[in-house]
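Q: Each chain, letter by letter, is given below.
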Amino acid sequence: MEKELVREHVLNIIADVALDDDVTTIDDAVALRDQLDLDSMDFLDIVMELKKRHKIEVPQEDYPQLASMNSCVEYLTPKFAAHA
Amino acid sequence: MEKYDVIIIGAGMSGMAAAIRLAMFDKKVLLLEKHIITGGLNSYYKRAKRDFDVGLHALTNYMEKGEKKKPLSKLLKQLRVPYDDLKLSPQRHSKILFPEKSLTFTNDLNDFSQEIADKFPDQIDGFHQLVSYINSFSETSLDNEYILAKDVVRKYITNEELLEMLFCPLLIYGSAWENDMDFSQFAIMFKSIYIEGFSRPEGGVRTIIDILLKKLENLGQEIRFKSEVQSIETVNGKVAGVKLKNGDFIQADKVISSMGYPETLSVVSGLDPKKKPAVGKMTFCESILVLDKKPQDLAFDSTIVFYNNRPKYLYREPENLYDPQSAVICFPNNFTHDDFDEGWVRITNMANFDLWNKLERPEYKAKKEEVFKDACSLTKKLIPSWDGEVVFKDIFSPTTIKKYTGHFGGTVYGSTDKSRDGSTEVPGLYLCGTDQGFLGIVGSMLSGISMANLYGLMD
Chain A
5 MEKELVREHV LNIIADVALD DDVTTIDDAV ALRDQLDLDS MDFLDIVMEL KKRHKIEVPQ
65 EDYPQLASMN SCVEYLTPKF AAHA
Chain B
10 MEKYDVIIIG AGMSGMAAAI RLAMFDKKVL LLEKHIITGG LNSYYKRAKR DFDVGLHALT
70 NYMEKGEKKK PLSKLLKQLR VPYDDLKLSP QRHSKILFPE KSLTFTNDLN DFSQEIADKF
130 PDQIDGFHQL VSYINSFSET SLDNEYILAK DVVRKYITNE ELLEMLFCPL LIYGSAWEND
190 MDFSQFAIMF KSIYIEGFSR PEGGVRTIID ILLKKLENLG QEIRFKSEVQ SIETVNGKVA
250 GVKLKNGDFI QADKVISSMG YPETLSVVSG LDPKKKPAVG KMTFCESILV LDKKPQDLAF
310 DSTIVFYNNR PKYLYREPEN LYDPQSAVIC FPNNFTHDDF DEGWVRITNM ANFDLWNKLE
370 RPEYKAKKEE VFKDACSLTK KLIPSWDGEV VFKDIFSPTT IKKYTGHFGG TVYGSTDKSR
430 DGSTEVPGLY LCGTDQGFLG IVGSMLSGIS MANLYGLMD
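Same order as they appear, the protein sequences are chains A and B.
Position 75 of the first sequence, counted from 1, bears residue number 79 in this note's numbering, the numbering being contiguous throughout.
Position 449 of the second sequence, counted from 1, bears residue number 458 in this note's numbering, the numbering being contiguous throughout.
Just so you know, the hints here were simulated from the structure itself, not pulled from any lab data.
One should not assume that every hint holds.
[What the hints assert, rightly or not] Each computed EDC-like pair below joins lysine to aspartate or glutamate, with the alpha-carbon atoms no more than 16 Å apart:
id: 1; chain 1: B; residue 1: Lys78; chain 2: A; residue 2: Asp31
id: 2; chain 1: B; residue 1: Lys247; chain 2: B; residue 2: Asp257
id: 3; chain 1: B; residue 1: Lys77; chain 2: A; residue 2: Glu61
id: 4; chain 1: A; residue 1: Lys55; chain 2: B; residue 2: Asp35
id: 5; chain 1: B; residue 1: Lys224; chain 2: A; residue 2: Asp20
id: 6; chain 1: B; residue 1: Lys159; chain 2: B; residue 2: Glu124
id: 7; chain 1: B; residue 1: Lys77; chain 2: B; residue 2: Asp93
id: 8; chain 1: B; residue 1: Lys77; chain 2: A; residue 2: Asp41
id: 9; chain 1: B; residue 1: Lys252; chain 2: B; residue 2: Glu242
id: 10; chain 1: B; residue 1: Lys58; chain 2: B; residue 2: Asp403
id: 11; chain 1: A; residue 1: Lys55; chain 2: B; residue 2: Asp468
id: 12; chain 1: B; residue 1: Lys79; chain 2: A; residue 2: Glu12
id: 13; chain 1: B; residue 1: Lys78; chain 2: B; residue 2: Glu148
Please work from the sequences and hints to get the whole structure.
A: Shown next, in the form of structure tokens:
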């Protein structure tokens with residue numbers, strides 16, 4: 005699966021979780037936590053949404069991989085591809 | 010036989026919030042409510058074509074749209090409710106009125122600091138240090154130890170009158186304990202009232218309840234009304250399900266109960282609790298007066314008044330039916346947006362449950378009339394230009410609270426024993442709401458959310 009599409013999936017989830025934040029201006033290289041109102045409870049929601057919507061499991065030790073949009077896409081693209 | 014992942018007892022703020030979280034991630038949830046409407050302690054009714062709110066005087070934890078890392082923003086995100094849906098209307102200002110001095114506060118802590126600097130100049134440095142300490146304190150940790158708040162605050166505030174004034178709103182808006190509270194609870198209340206502040210959703214408590222109901226509906230989550238729990242059943246000491254008063258038995262390995270700590274344990278079949286949670290002492294009467302004029306037309310624009318007519322603030326179960334020397338008075342017209350065509354005054358006095366409970370019907374009505382008369386005198390004292398005209402009134406007592414909430418002793422803030430992590434001695438049985446320890450409407454919803462996350466989603 006293309007990275008663009010993975011980014012879009014992740015962005016859709018973030019837009020639902022951080023629903024009052026503007027997600028169109030996200031800087032992909034910067035930590036999401038520093039740009040949006042996201043705390044550990046919200047990252048848990050992102051993980052649960054990945055499972056619910058895309059059947060993708062993120063083990064707890066991999067949570068740091070979801071820090072920025074770039075690292076999300078890097079980490080999740082092979083997982084999406086495995087499901088395609 | 011019906012089997013659920015989780016049964017939630019009580020469709021109040023905490024139970025509904027817990028159900029939303031679990032349903033959001035496809036858990037099979039049953040939400041039980043013994044009444045025919047939702048809301049629990051914070052509910053509503055209609056009399057004489059008027060909409061009455063129960064519970065909610067004001068929503069604490071006010072924030073502007075876009076503020077981050079606040080309890081309210083956390084709550085909204087977890088429930089996926091846009092900020093604008095709450096239609097919050099902030100307070101104008103509130104007053105703490107003692108015999109010798111008064112203090113005014115707003116949703117801007119600087120106003121309160123200035124007020125303290127003016128009236129207690131030798132205390133302002135201590136107050137600033139107290140605020141820094143509270144800001145650095147992690148009050149929502151589930152494993153904080155219980156410490157008496159007055160012992161901590163006395164290190165910063167050496168004037169007893171100011172100390173009593175600072176505690177007054179925080180005690181009456183959330184303490185199950187008499188005269189003092191746990192320091193974590195104090196810090197939560199201090200932030201939610203003095204630092205963040207009061208607001209009211211346009212439309213009152215119904216606005217919040219409607220948001221939650223809509224969420225539940227969209228998630229396909231039903232609420233089973235008129236379903237009072239007879240017992241929580243266990244097998245080998247673990248939760249196995251719930252038996253309803255109508256005889257139905259419903260299976261589940263997990264039950265989250267918002268009934269209250271002693272109330273929940275009392276319905277666990279065959280349980281002889283190792284430690285019985287205490288029944289709290291704090292309960293209240295409330296007089297609701299509808300006036301033909303609005304307070305603002307009578308040149309009165311405070312939103313909430315914390316009134317105390319003694320040098321010391323006595324927050325405790327009164328020896329008489331109720332304590333007319335102390336009250337919290339809410340003027341719902343005096344938020345920045347005014348929903349009403351008439352003037353409204355809500356006066357809450359501390360009351361004694363046992364004494365109210367003993368009254369026979371005619372006497373009970375006569376005593377409620379006395380509460381009303383005192384409420385009128387106090388209103389007159391606060392608004393001298395008021396002519397005393399009351400268009401409509403309603404008075405409720407501690408026995409009314411017991412009837413609708415099922416709380417032993419008609420408590421509003423529940424037991425003095427809290428279970429901060431929600432666990433009980435019965436595996437699979439968890440508490441949410443008042444006796445998990447987060448109070449107020451925002452607190453109770455956060456309680457439901459955190460218990461659902463901890464015991465329903467994370468394991």
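Q: Next, verify each hint and record whether it holds.
A: For each hint, the structure was consulted:
1. B:Lys78 / A:Asp31: 20 Å, violated
2. B:Lys247 / B:Asp257: 19 Å, violated
3. B:Lys77 / A:Glu61: 28 Å, violated
4. A:Lys55 / B:Asp35: Holds, at roughly 11 Å.
5. B:Lys224 / A:Asp20: 14 Å, holds
6. B:Lys159 / B:Glu124: 21 Å, violated
7. B:Lys77 / B:Asp93: With a Cα-Cα distance of about 15 Å, the restraint between Lys77 of chain B and Asp93 of chain B holds, given a limit of 16 Å.
8. B:Lys77 / A:Asp41: Holds: Lys77 of chain B and Asp41 of chain A sit about 5 Å apart, inside 16 Å.
9. B:Lys252 / B:Glu242: Within the cut-off at roughly 7 Å; holds.
10. B:Lys58 / B:Asp403: Holds - the C-alpha atoms of Asp403 of chain B and Lys58 of chain B are around 13 Å apart, at most 16 Å.
11. A:Lys55 / B:Asp468: Roughly 15 Å between the alpha carbons, so the hint for Lys55 of chain A and Asp468 of chain B holds.
12. B:Lys79 / A:Glu12: Cα-Cα ~28 Å, so violated.
13. B:Lys78 / B:Glu148: 14 Å, holds
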